[in-house]
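Using the supplied hints, reconstruct the complex from the two chains, each of which is provided in its own coordinate frame.
If you read the protein sequences in the order shown, they are chains A and B. With my numbering, the residue at position 39 of the first sequence is 39, and numbering never jumps. With my numbering, the residue at position 42 of the second sequence is 1042, and numbering never jumps.
Please note that a few of the clues may not be correct.
[What the hints assert, rightly or not] Only some residues are given here: those of chain B computed to face chain A with a beta carbon under 8 angstroms:
#, residue
1, E1057
2, A1059
3, H1062
4, G1085
5, K1087
6, A1113
7, H1114
8, S1115
9, D1167
10, L1243
11, A1247
12, Y1262
13, L1264
14, L1265
[What the hints assert, rightly or not] Distance ranges between label pairs, derived from CB positions:
#, chain 1, residue 1, chain 2, residue 2, range
15, A, G340, B, G1206, 43 to 53 angstroms
16, B, D1192, A, D148, 41 to 51 angstroms
17, A, S21, B, H1201, 38 to 48 angstroms
18, B, E1202, A, N302, 51 to 61 angstroms
19, A, D326, B, G1193, 50 to 60 angstroms
20, B, D1185, A, A60, 35 to 45 angstroms
To be clear, the hints were calculated from the coordinates, so they are not data collected in a lab. Built from N, CA and C at the ideal position, the CB exists for glycine as well.
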Amino acid sequence: MMAPAQLPLLVQLLRAPACVSGWSLKQWDLMLRQAVSANLTASVWSQLDGAGLLDVVPAAARRHLDWAHCLALRHGRAVRWEVRQIAEALAPLGLPLLLLKGAAYVMAGLEAGQGRLFSDIDILVPKERINEVESRLLLKGWMSGHHDPYDQRYYREWMHELPPMEHVKRETMIDVHHAILPPTARAHPDSRLLRAAAVAAAGQDCALVLQTLAPVDMVLHSATHLFFDGEFDHGLRDIVDLDRLLRRFGADESFWLALTPRALELGLQRPLFYALRYASWLLDSPVPAAVMAAAAQAGSPNPGLLALMDGLFGRALLPGHPSCGDGASAFARFSLYVRGNWLRMPPLMLARHLFHKAFISPKVAVGKV
Amino acid sequence: MLTVGALSRGELDARLAGRGLYLQTGPFINAIRSTISHVSDGIALLYADYPLAASTEFADFHLHFPRSPLPRRLWRAQVRFDHDGVKPFAPLPEDQAWPMFEWVLNWCVSSRAHSYLMIHAAVVEKNGFAAILPAPPGSGKSTLCAALVHRGWRLLSDELTLVRLSDGLLQPLPRPVSLKNASIDVIRNYVDGAVFSRPIHETLKGTVAHLKAPADSVARAHETARPAWIVFPQYEAGAATSLTPLAPARAFMELAGNAFNYSLLGADGFEALAGLIGSSASYQFRYSSLDEAIATFNRLAPPAP
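Excised from the complex, chain B in its bound form (with noise of 0.2 angstroms):
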């Protein structure tokens, strides 16, 4: 299978210039069009571990990032996303382009995917089973998250956690992880090597930086996973660790609130969240070492079967 890796550099921007990059993430085909350098360095740096499209016939989203028209080029210059037409977001300055680029793939996503119910949470995975981890920005979600998959456990989404209608299983969609200021530089300490896109300063959510997904947890993209855990994180400064069970009725609720299609599903959306909260066991948990919270997460017993 071709990866991004495989394209030489220009290469790459050729087809970004051209007719488009037809660049695999999880189950959808993305075609991507721009002449912006932050977004083919964003596209070389992050996703060299993608598989491209075995064909350019077809393309889940088609998604253009132009440059701002030549006047407008030469002072505070703009990016703009043009789904084919349909111009959903505000421009915003060029600088931002590689934050925008995160922002829409998963808007394309949690606006239409609507065989999954889609929870706003980042999800990972090991020997087979997956934790979940709904929370609103600023608990740590994604700090967390970031810590656990470069500790043993497979990433499968850092914001977009998908359970098929069809069967109640996890769909991964692994693509880089959203950092937010001080998070960024916890996670340059913690992760020997960690690569990240040049952090963003001054964006609707502060500073932002994209972590690279592990290559491990991009190759296994296909394999789905069981539901096991529901865990509420919330990073306290100086708190102790503590994992306390959380009950199902509860839980329910909470991910109701952060699903992107809930009510949209209807009694499908009941069903798949019913299931999910009957296959899992549900906590809240408070932490504030991420040491202390990956030995936590290590130790969740598995469901019984």
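One chain only, chain A, in its complex shape (with noise of 0.2 angstroms):
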């Protein structure tokens, strides 16, 4: 993996702002084009208000920052009036109303969720209530927009997911999910022990009663979600996401203690350590050395493995821009596509879904000018 000088001005950016001071225009030109590919542009105006270092930012380049951040503040307006809209919709089943990933950064004040800009709110129910959460949802406006009955049937019998919902007069979508990975997958989380831990949002809306996981489990869940998934164009946005959170909450060193265990229990110990390595690695996240030694000895896989994997993210991790890759960049994104496909079903069922998607569910017009 690249020393920390090589790597991408972005990424640099994130992990020592102070870095900036001796930049010159052209290094902030290429540092904004590949924060826009990354889709971190207001991210880095968060980054360098939060070190006091946005005056330090040439005007030309500090405008875009500026633009960004008008967008990230419309957004978290736009968040909390949906995550409201969501939960004047749940309140007669009596259900707290769990947020997960974006949303439960927003909502909870966490700086993950400063300039974090995502197009759905993703909230956990319990299964049995998710046929009663689908109702009230379509009641109140929320229409799924896969109508093909082979997508039916992939949300509702392998995923854990219902099929995303889109309010149809605000286009606003929603992903309800009873559990964090599918049941095809190879880990299974149990719901029920993260929904028992959650805690308050310290939402700045105390009308609502809002949840959001428990820190250790917020933590992994994110882990979770990058490193089983197959799509990497959020990926560098993903492990700014864990560091934030490892920041935060690595204030309180029992945060760490918990953070093994944990998951062990649910099962999640290969992502968690992916997450510890990869965050320090690329974000020179806090990570104690104790912790990073328990996670390795949890969850890391065998040496030529591991050799592998740090070969496959710490291509995918980088920025999307064509500055930021090598010859393998490209292999390396499909190579974690197809496995991330793998570790969610067992692979006759992922043929056979791949054979459907491929040549029986009818084709989707792509998007026009």
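The following block contains the structure:
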């Protein structure tokens, strides 16, 4: 894996913002291009704001950061509004609204939510209540876009979530999960344990009963999402999430003590190991040596596989901009795509699924200008 | 200041094929790369008066219009748009490369530049005061704009009215005027020596051609203007010219509906729009004769100081 000084400018900035002080305009130009391709421009704004460095940014580049910040502010307002709509729609069910990922970071006021742009709101509900949740959402204007019977069956039998639902008027998306991994995946983290440990979100809107996963579970979910998934378009953004969560929660020593035991309890020791390894490599996340050692003992693959994964993740986690890759980047992303599906489904089921998607499912028209 | 016109055609093509042509449009620098001849032809024809950026260290938008890869290039070649690895639009037939270039330049601004309230409207200026012409397609906004800027008004923009959030002044972004279908011949006949890009048929918007922006408007792209009038035009064959005052509240809602980032800007957007409405007189304008329309615009009374 690359030495820190060879990392892309965007990664150098995210890891140690002070490095920007001596940057030329040309370096700012390149960093902004990398940030756009990683969808992290607004995160750069908040990173520099947090470090008190916005004023050293040359005006030509600063304007781009401010534009992105504008977008992020609007996104935050829209997320809070949407969460309120969902909470009101589901209120009669008497369930706590347990938010996952981006929406959870925003509503809990975490650094990971600052400048993070995302398109779906994810919630976790008990499996036995998921039909009621779906009915309430349908009643309040959310519709499922997947009408193809195969897609419906794919989600309902094999996946850990309902087909994504879109609000007919606001065009906002919600993903309703009953677990954080598909039942077909190799690991089966028990959703009851996650829900039982959930904590109240210290959200700004006290009228709503909002929950997020407990800190250790939030980190484990973020790690699972990144390292079980095949899509690395948001790889860097997701590892930035992990870094920010680790820095925030890591101030409390009991967080570090609980992390590996909880991963073992949920069967998520492998993604935890990868998360700690690559977050500290790429973003210098402050993982205590003892925690790293415990996570490695619990979840590290054998040295050969680890060397391979270093080669793959070391490429796929970098921004997708052409300046950040080498000849093997595309191959790394493709291999991880195959791996992601492999981990989520047994081989025969995967073969059947890919065959169906390739030859039987009706083709969706591509977007036009 | 070096302009595109100062480059030989060979130099222009070499920059487009190499590290990029750093073209200044209004307050933005566009780094453009393409080996498609429609793109270099269009730039040579319509952008000759535009300044080249003083340095190639930084660009606001990095735009690449690659040709189709080889097998495809031989049969129904396409133009693609690659924004630093992001491809927001589907490819188009290569023949439509020029309209795509103009649409993409608009898209770059309208999807990013949130230090302005951006309204889908033409905007022209005379004696320091600007008239904003918002309207849906088909209302004759661009035709009227093209006629005005060849009869003494300065072109700020044909598509994008940029209201600076910091002071409410209008930031010019003069670019070629996009004309469609019958309007192309109307302006060809109305403006002596009008320079047009080759009309492209069967685009999503019908037949499209771009009219070169007046050199004086391009040279004055840094001079902001004060908003004075908001005129909603409606072309109607055979209609008598009529200018009817419009209630400010109505004008506000109409303009908000035509803005790209009104709701995105939240309270700042509301204040910018309220300021714009407060400092302008709003009208509904029906016309069929361009001469009469221009006479009406020339009679618009400047707002009270």
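Hint check results:
1. Evaluation of the E1057(B) hint against chain A yields a held restraint, the C-beta minimum of about 4 angstroms falling below 8 angstroms.
2. For A1059(B), the shortest C-beta to C-beta distance to chain A is roughly 7 angstroms, which falls under 8 angstroms, so the interface hint holds.
3. Look at H1062(B): its Cβ gets to within about 6 angstroms of chain A, closer than 8 angstroms, so that hint holds up.
4. Taking 8 angstroms as the C-beta contact cut-off toward chain A, the hint placing G1085(B) at the interface holds, the least distance being around 5 angstroms.
5. Because the closest C-beta pair between K1087(B) and chain A is about 10 angstroms apart, greater than 8 angstroms, the hint is violated.
6. Interface restraint check for A1113(B): the shortest CB-CB distance to chain A comes to about 6 angstroms, inside 8 angstroms, so the restraint holds.
7. For H1114(B), the interface hint holds, the least distance from its beta-carbon to any beta-carbon of chain A being 4 angstroms, beneath 8 angstroms.
8. For the restraint placing S1115(B) at the interface with chain A, the shortest Cβ-Cβ distance is roughly 6 angstroms, inside the 8 angstroms limit, so the hint holds.
9. Given the 8 angstroms rule on beta carbons, the hint for D1167(B) is violated: about 16 angstroms separates it from the nearest Cβ of chain A.
10. Look at L1243(B): its Cβ only gets to about 35 angstroms from chain A, farther than 8 angstroms, so that hint breaks.
11. For the restraint placing A1247(B) at the interface with chain A, the shortest Cβ-Cβ distance is roughly 28 angstroms, beyond the 8 angstroms limit, so the hint is violated.
12. A hinted interface residue such as Y1262(B) counts as satisfied when its beta carbon comes closer than 8 angstroms to some beta carbon of chain A; here the least separation is about 11 angstroms, so the hint is violated.
13. Against a cut-off of 8 angstroms between C-beta atoms, the interface hint on L1264(B) holds, since the closest Cβ of chain A lies about 5 angstroms away.
14. Checking L1265(B) against chain A by beta carbon gives a least distance of about 7 angstroms; that is within 8 angstroms, so the hint holds.
15. Distance hint check: the CB atoms of G340(A) and G1206(B) are about 45 angstroms apart, consistent with the given range 43 to 53 angstroms.
16. Between D1192(B) and D148(A), the C-beta spacing of about 59 angstroms breaks the proposed range 41 to 51 angstroms.
17. At roughly 54 angstroms, the beta-carbon separation of S21(A) and H1201(B) lies outside the given 38 to 48 angstroms, and the hint is violated.
18. Look at E1202(B) against N302(A): about 60 angstroms separates their beta carbons, and that is inside 51 to 61 angstroms.
19. For the hinted restraint 50 to 60 angstroms between D326(A) and G1193(B), the CB-CB distance of approximately 53 angstroms keeps it satisfied.
20. In this structure the supplied range 35 to 45 angstroms holds for D1185(B) paired with A60(A), their Cβ-Cβ distance being about 42 angstroms.
Checked against the numbered hints given earlier, the structure breaks hints 5, 9, 10, 11, 12, 16, 17 and satisfies all the rest.
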